[in-house]
Amino acid sequence: DGGITQSPKYLFRKEGQNVTLSCEQNLNHDAMYWYRQDPGQGLRLIYYSQIVNDFQKGDIAEGYSVSREKKESFPLTVTSAQKNPTAFYLCASSRLAGGRYNEQFFGPGTRLTVL
Amino acid sequence: GESVGLHLPTLSVQEGDNSIINCAYSNSASDYFIWYKQESGKGPQFIIDIRSNMDKRQGQRVTVLLNKTVKHLSLQIAATQPGDSAVYFCADLRKNSGGYQKVTFGTGTKLQVIP
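First to last, the sequence lines map onto chains A and B.
For the first sequence, our numbering assigns the number 3 to the initial residue and increments by one for each residue that follows.
For the second sequence, our numbering assigns the number 6 to the initial residue and increments by one for each residue that follows.
Keep in mind that the hints are not guaranteed to be accurate.
[What the hints assert, rightly or not] Below are the DMTMM-like pairs computed for lysine to aspartate or glutamate, each with C-alpha atoms no more than 20 Å apart in a straight line:
id	chain 1	residue 1	chain 2	residue 2
1	A	Lys11	A	Glu26
2	B	Lys76	B	Asp54
3	A	Lys73	A	Glu105
4	B	Lys47	A	Glu71
5	B	Lys100	A	Glu71
6	B	Lys107	A	Glu17
7	B	Lys61	A	Asp61
8	B	Lys115	A	Asp40
9	A	Lys59	A	Glu71
10	B	Lys47	A	Glu105
11	A	Lys72	A	Asp32
[Claimed, not checked] From the structure, some residues in chain A lie toward chain B, with a derived Cβ separation under 10 Å:
id	residue
12	Lys11
13	Phe14
14	Arg15
15	Glu26
16	Asn30
17	Ala33
18	Asp61
19	Ile62
20	Ala94
21	Gln106
22	Phe108
23	Gly109
24	Gly111
25	Thr115
If you're looking for bench data, these hints aren't it; they were derived computationally from the structure.
Glycine included, each C-beta is placed from N, C-alpha and C at the ideal position.
Please model the entire structure based on the sequences and the hints provided.
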């Protein structure tokens, strides 16, 4: 089956600890994205990557870091500098280029709770 | 500022009736408008999109209407079913010169289908 996987589904961490969220896709998509979703709100873009070894900050990148060493993988690290890390984190991927909207396919999400 | 938002946070509809979910946007430069469906605890799923030079697009049981004069977007679901219960997000898309898709999500409307 083609798709996007995120692990783990639920994650608990103590305040002050860094934590890395996994995102893998086998859709052969060039672009990958990380979003954060807070209760009752829409998605906000954290980071995105259009190509291996390159990534760009989104709207709320402070306190987060990413890497894109492989096309299939785009892990997100939530650092201790993120002031309010408890949230639902969603990873997505899409094709690039073309004249139309390239649908973003979302993973199932990781719910991070910082205690 | 630029925003994509929804008029109503919750919509209750009797099973079999038609549902209409509304969305207002502020940025006239959007290339596409997209509707996503998000079930509880899951990532969003693409429903339908509409290019900014269109005013109507139909899918299976869904129709999206775009009124650029009043910057209003709506999603119509025909013969609403219990499986349609979810949060629905409208989003708009703008592409930058590098081909990156900047998608901005609204806050969502929760659709509750009453059996």
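Evaluated hints:
no. : hint                 : verdict
1   : Lys11(A) - Glu26(A)  : 13 Å, holds
2   : Lys76(B) - Asp54(B)  : 16 Å, holds
3   : Lys73(A) - Glu105(A) : 18 Å, holds
4   : Lys47(B) - Glu71(A)  : 27 Å, violated
5   : Lys100(B) - Glu71(A) : 25 Å, violated
6   : Lys107(B) - Glu17(A) : 32 Å, violated
7   : Lys61(B) - Asp61(A)  : 31 Å, violated
8   : Lys115(B) - Asp40(A) : 15 Å, holds
9   : Lys59(A) - Glu71(A)  : 17 Å, holds
10  : Lys47(B) - Glu105(A) : 17 Å, holds
11  : Lys72(A) - Asp32(A)  : 10 Å, holds
12  : Lys11                : 9 Å, holds
13  : Phe14                : 16 Å, violated
14  : Arg15                : 19 Å, violated
15  : Glu26                : 14 Å, violated
16  : Asn30                : 17 Å, violated
17  : Ala33                : 7 Å, holds
18  : Asp61                : 9 Å, holds
19  : Ile62                : 13 Å, violated
20  : Ala94                : 8 Å, holds
21  : Gln106               : 7 Å, holds
22  : Phe108               : 3 Å, holds
23  : Gly109               : 5 Å, holds
24  : Gly111               : 5 Å, holds
25  : Thr115               : 14 Å, violated
Violation of the numbered hints given earlier is confined to hints 4, 5, 6, 7, 13, 14, 15, 16, 19 and 25; the remaining hints are satisfied by the structure.
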